[in-house]
Structures are given as structure tokens and as C-alpha cells.
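Novice: Build out the structure end to end from the sequences listed, making use of the hints.
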Amino acid sequence: MIRLEKRKEPSKFWGIANPFLAVALTMLAGGIMFAALGKDPVVAIRLIFFDPIFSETFGSYSRPQLLIKSAPLILIAVGLAIGFKAGIWNIGAEGQYIMGALFGAGVALAFFPQPGWYIFPLMVIAGAFGGFLWAMIPAILKTRFNTNEILVSLLLVYVAERILAAMALGLMRNPDIPGFPGSRDLRRYEAAHNAELFANTGIHWGVVAALVAVILAYVMMTRHMLGFHVQLAGQAPRAARFGGVSPARLVVICLGISGALAGLAGMFEVSGPGGQVRIEFASGYGFTAIIVAFLGRLNPVGIVLAGLLLGLTYIGGELSQMMLQIPGAAIQVFQGMLLFFLLALDFQTNYRIRLTQGERA
Amino acid sequence: MILGSINPAVLLAALMVAATPILLAAIGELVVEKAGVLNLGVEGMMIMGACIGFIVAVNTGSPFIGFIGAALGGMALALLFALLTQALMTNQVASGLALTLFGLGLTALLGQRYVGITPPRTPKLDLGPLSDIPFLGRALFTHDIVVYLSIVLVAAVWWFLKYSRAGMILRAVGENHDAAHALGYHVKRVRVLAIMFGGACAGLGGAYLSLIRVPQWTEGMTVGAGWIALALVVFASWRPWRALAGAYLFGGVVVLQLNLQAAGVRIPVEYLSMSPYLITILVLVIISSGKGRSLDAPGSLNRPFHASS
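Note that the protein sequences, when read in sequence, are chains A and B. One point on numbering: in our numbering, the residue at position 173 of the first sequence is 173, and numbering is uninterrupted. Position in the second sequence counted from 1, then plus 361, gives you our numbering.
Check each hint, because a few of them may be wrong.
[Stated by the list, open to error] Below are the SDA-like pairs computed for lysine to any residue, each with C-alpha atoms no more than 20 Å apart in a straight line: (1) K85(A) with N148(A); (2) K8(A) with R526(B); (3) K6(A) with F666(B); (4) K8(A) with R664(B).
Hints were generated in silico from the structure; no laboratory data involved.
Specialist: Listed below in C-alpha cells is the structure:
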């Protein structure tokens with residue numbers, strides 16, 4: 001007779017081992033999927049997970065891409081993880097990411113074509129503010145009217161996508177090229193360009209911001225009272241209330257931080273790798289970051305590793321699309337499977353399998 | 362005036378069609394939540410239904426078999442959720458999200474070769490003289506069978522939850538799973554069955570989009586319908602008939618918005634098309650602020666159940 005027994009404390013070992021196990025299982029299941037698509041599974045998996053870094057031919061192009069793709073994921077996931085720890089589910093980071101990009105680009109386009117050292121810092125502030133503002137909608141509705149933050153933040157993604165389209169076609173459209181959607185290319189406007197800081201490394205200001213955010217989040221979660229409150233609220237909400245933690249304040253703080261970070265990510269993307277406000281600007285970073293947060297165990301250091309891995313799958317996905325004609329959607333399936341396996345494996349973090357003899361007690 | 366050019370009977374008919382996919386998904390999720398499970402994967406199960414239903418219908422030439430395939434597709438994904446949350450005790454919120462992300466990816470992959478194809482037509486149900494009644498005939502009796510099926514389903518769920526023994530067990534499991542367990546009911550079995558029912562309903566709703574409403578397959582074509590269905594369950598305070606009213610209200614907003622677009626109102630299309638989401642949020646706010654804290658939500662909603670002995 002097999003039965004599950006709840007562990008008194010979550011297993012530390014499985015907590016760390018499971019993400020690695022989940023990645024291995026995803027590769028296995030992914031290989032089966034590729035075989036079903038009629039592609040050589042070994043070649044495909046190698047192309048996605050190893051070649052972007054180690055290949056002689058693609059390496060020089062894709063190595064810098066790794067940081068470019070991972071930075072927004074890490075930046076967003078670090079913020080989300082704080083909320084998830086407290087049991088506050090912001091799943092609309094994609095919308096906050098879009099609004100950050102629009103606010104940042106808005107500042108740049110307003111100053112165009114003036115030069116000025118102060119323009120880029122202003123864009124950074126505007127980007128963070130845009131994401132913050134968008135996250136404040138679910139936060140205030142939650143604290144004032146007890147409206148479910150999951151549904152509101154998610155529904156606002158669709159609203160943000162439509163605002164993005166309206167901006168790309170209307171207010172922010174490049175007046176110099178009539179008839180085409182999309183704003184001016186910010187990469188050609190020096191004062192607003194989020195350029196590479198070191199040539200061919202992929203390091204731009206967003207990468208720096210991600211690093212700073214990781215460090216600050218780590219310090220906050222381990223050393224600061226706020227971090228303690230967040231953990232307490234997530235693990236024992238009643239105890240937290242008795243301990244004087246205001247749930248409303250925590251909702252505003254958690255959503256505010258994650259919104260601002262997502263906004264920053266969007267702003268760094270639109271002024272750098274993305275380049276311009278386009279209808280198809282949003283690429284799902286806000287959703288993938290949810291997977292990054294979980295895979296990284298909601299821990300800032302873990303999130304860096306998880307962000308790098310999922311950034312890798314983005315580049316590997318592009319490579320496999322190019323080389324093996326594997327559809328781009330396969331990578332999305334990959335990411336979904338990864339989360340499934342991780343969640344499934346986590347049962348052994350919290351439960352122990354016991355083999356008992358004879359009848360149940 | 363622009364609104365004058367809109368025929369109310371046509372509007373009413375269009376409203377019912379617009380409401381049907383989210384009504385189907387919502388009534389399924391309502392049962393799931395009544396059993397105490399929060400499945401946030403409705404969007405994923407809907408898109409699965411839309412995709413599988415489309416593929417099956419195109420290959421068999423029968424929309425009817427397509428709908429069956431869609432229900433099975435949605436149910437398959439729901440079973441995955443049941444396995445995770447009921448057997449492996451995973452977090453329901455995270456598992457639901459995973460279901461949605463996975464479903465969106467998988468269908469983009471599966472449906473790739475079906476973009477741009479027209480599916481076989483679903484015939485309108487011939488209701489004979491009923492459809493000749495002035496106004497009402499055009500508005501109510503010119504639909505395909507799925508529209509009526511969705512209403513029948515609402516009635517059936519209402520009856521099931523209110524009067525049947527099985528329905529009462531389901532509600533007991535959702536209100537207090539420890540008490541239900543102590544009374545000897547199989548909490549997990551009830552929940553798995555409810556989750557499967559929810560998946561089948563969401564699948565049907567998705568297929569209604571791809572086979573009748575649009576009708577075409579495009580990647581990510583549900584654009585939030587599943588999330589709106591989830592909001593609808595809250596709006597309905599977990600009561601079937603209110604879900605129907607809410608779905609039709611929502612359908613009305615969608616149709617009105619589309620009509621304004623067609624009539625060439627001087628508001629950009631992008632702003633008009635965000636109105637369904639904004640209205641949903643607004644309605645959520647009104648509902649959740651109105652009645653204290655509890656909202657009549659099932660007592661054990663989103664709480665994992667693990668029998669200690």
C-alpha cells in the first residue's frame with residue numbers, strides 16, 4: 001500500500017534538486033515531442049540548450065543574445081517572486097511591461113530630436129512609473145474593493161496590448177514614414193538609445209538593472225523587515241495580521257515593486273533590443289517570467305539561473321526554427337512542460353512516499 | 362444616429378452567439394469551483410477545445426464530431442490539472458497558469474497547418490414556424506444547436522446542484538472538505554469528476570469560437586475569453602442562472618462594440634475592442650465591493666485536501 005505522508009518541514013534537498021530534475025525531464029519529453037514532429041531529438045535538444053553558447057558557428061551571435069533575452073526575464077521574475085512569496089498573484093506583468101515601454105518611449109519621443117544626458121534617466125523613471133501605475137490598478141481595486149488581483153491584472157494585459165496597438169498606429173507613429181505602423185527607431189536617437197555598454201557582450205543598462213534588482217531583492221528578503229513580513233504573510237497570514245503586518249500595505253508594495261520592475265524591463269527593451277513601439281512588441285516575457293520565478297524557487301539567486309536557462313530556450317528556439325524548421329511554438333510548449341514537471345516534482349518536497357503493509361491505519 | 366441603424370432583433374441574436382462560448386466555459390468552471398477547486402486554466406482548456414475541435418471537424422467534415430473532439434481535448438488537459446492538484450497536491454493557482462501557458466503553446470503547434478482553412482458549416486437548427494414569429498423568431502429561434510445546448514446546460518447544472526443527491530455531495534465537498542471526508546464522501550473523486558466536466562465545457566466553448574463564431578483557427582484566438590469566463594463565475598456568485606445573465610450582458614457589450622466599429626464611430630478600433638475587458642473588471646469591482654468579504658464563495662475553494670488518515 002502506497003500512501004503520501006506530509007513532511008513536517010519541506011525537504012531542503014528536493015527543493016534544490018527538483019528544478020534540475022524538471023529541466024532534465026523537460027528535455028526528455030521535449031525530445032519525444034521533436035521525434036513526433038519528425039526531427040532528430042538529439043540534434044534539436046542540442047541546438048536549443050547547448051549550441052547557442054558553445055557552437056563555433058552561432059556562438060558569436062547568440063552568446064550576447066543570452067543576456068539580452070535573460071535580463072528582462074530576471075528583472076520581471078525578481079519582482080513577481082516577492083509577491084508570490086506573500087501570496088499575492090500578479091500575473092499581469094506582461095501588461096506592466098508594455099506600459100513601461102510606452103511610458104519610456106513616450107518620454108523619448110517627446111524630446112526627439114533634442115540631445116541631452118538627462119533624457120535617458122527620465123525614460124528610466126517614466127518606464128518604472130508606467131509599470132507601477134498599471135500594477136496599482138489591481139492593487140487599489142484589491143485593497144479598496146477586495147477584487148481578485150489575479151483576474152484584474154491578467155485582464156489588464158489585454159487592455160495594455162490594445163493601447164500598444166493604438167499607440168503604434170496613432171499617437172506614437174513615426175511621422176516621417178507615413179502609412180506604416182510603429183514609432184521612430186529609438187536606436188537611432190542617441191540620447192534615448194539603451195546601447196550596449198561593452199561591445200559584443202549584450203550588456204546594456206537593463207542587464208545592470210537586473211543585477212542590481214537581484215541584489216536588492218536578496219538583501220530585502222533576507223535582511224530587511226519587509227522581507228520578513230512578506231514571508232510571514234505568505235506562510236502564516238493570521239500570524240502576520242496579529243504581528244501588525246497590514247495586508248493592504250503588503251498588496252500595494254508587492255504589486256508596486258513587481259509592476260515597476262516589469263515596467264523597467266519594458267523600457268530597457270523598447271529603447272534597446274526592441275528599438276521601437278510596434279504592435280508586435282510584446283513577446284511574452286511577462287508570462288515566461290512567471291515560470292522563471294517558480295523555477296528559481298522564488299529566490300533571487302535561483303531566479304538568475306532560471307532566467308538564464310529560459311533566455312537560452314528563446315535563442316535556442318530561434319536557432320531550431322532556422323536550422324530544423326521546428327515551429328516557434330514548440331518553445332512555448334517546452335516552457336509549459338517545464339512548469340508542469342517542476343510543480344509535479346514538488347510533491348516530494350512536501351510529502352513523503354510511504355510504503356505501508358497491510359491495512360490502512 | 363448610428364445606433365438607429367442597428368436592428369434590435371439582429372442585435373439580440375448576435376448577443377446570444379457572442380455569449381455562448383464564455384457561458385459554456387463559465388458554467389463548467391462554476392461546477393469546478395463549487396467542488397472547491399480553482400482551475401485558472403480555463404483559457405488553456407478553451408484554446409485546446411478550439412484547436413482540437415477545429416482539426417477534428419476539418420478532417421471528418423462534421424462539426425458535430427468536432428465538438429465531441431473539443432470536449433475530449435479540453436477534458437484531457439483538465440485531467441492533467443486534476444493529476445497535478447489532486448494526486449500530487451500542487452498549488453492550484455500555479456497549476457492553472459501552467460495549464461494556460463502549455464495549452465496556448467501546444468495548440469499553436471498543433472494548429473499550424475490549419476490556419477486559413479474554413480471549417481465545415483454548422484447548420485442552424487430548424488425550428489419551423491417558431492422562427493417565423495416576428496422579432497422573437499429572428500432573435501431567439503435562428504440559432505445553431507449549441508446555443509440552445511448551453512442554455513439547457515445551465516438549467517441542468519442548476520437542477521443538479523440544487524436538487525440532486527450527487528450535486529449536494531459536490532457542494533458539501535466544496536464547502537467543507539474535511540466534514541465531507543468525515544461523512545465518508547470521496548473528496549478527490551468528486552473533485553476530479555468536476556474538473557473533467559469543467560474541461561469538457563471549456564473545450565466546447567473554445568470550439569464554438571473556432572467552428573461557429575469566427576469561424577477559423579488562429580493562434581491564441583481565445584484572447585482572454587477563458588479569463589472572462591472565470592470573472593463571470595465570480596460575478597454570478599456561483600449561481601448558474603446569474604452566469605447566464607452575466608454572459609448575455611457581456612455578449613451585449615461585445616456586440617454593441619462590434620456594431621460601433623462597423624458603423625464607423627470616430628473612436629479607434631483598438632479602444633473599442635478593449636471595452637469587454639474593462640467592463641469585466643468594472644463588473645468584478647462592483648460585485649466584490651457590494652457584499653462584504655465572503656462573496657458566497659465555496660468554503661474550501663482553492664484549499665488543498667489531504668486526508669491525514
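Novice: Evaluate each hint against the coordinates.
Specialist: We went through each hint and held it up to the structure:
Using a Cα cut-off of 20 Å, the hinted pair K85(A) and N148(A) holds, with the two alpha carbons roughly 17 Å apart. As the CA atoms of K8(A) and R526(B) are separated by approximately 38 Å, the hinted pair breaks the 20 Å bound. Taking the CA atoms of K6(A) and F666(B), the gap is about 12 Å. The hint holds against a cut of 20 Å. Between K8(A) and R664(B), the direct Cα distance comes to roughly 18 Å. Compliance with the 20 Å bound is thereby established for this hinted pair.
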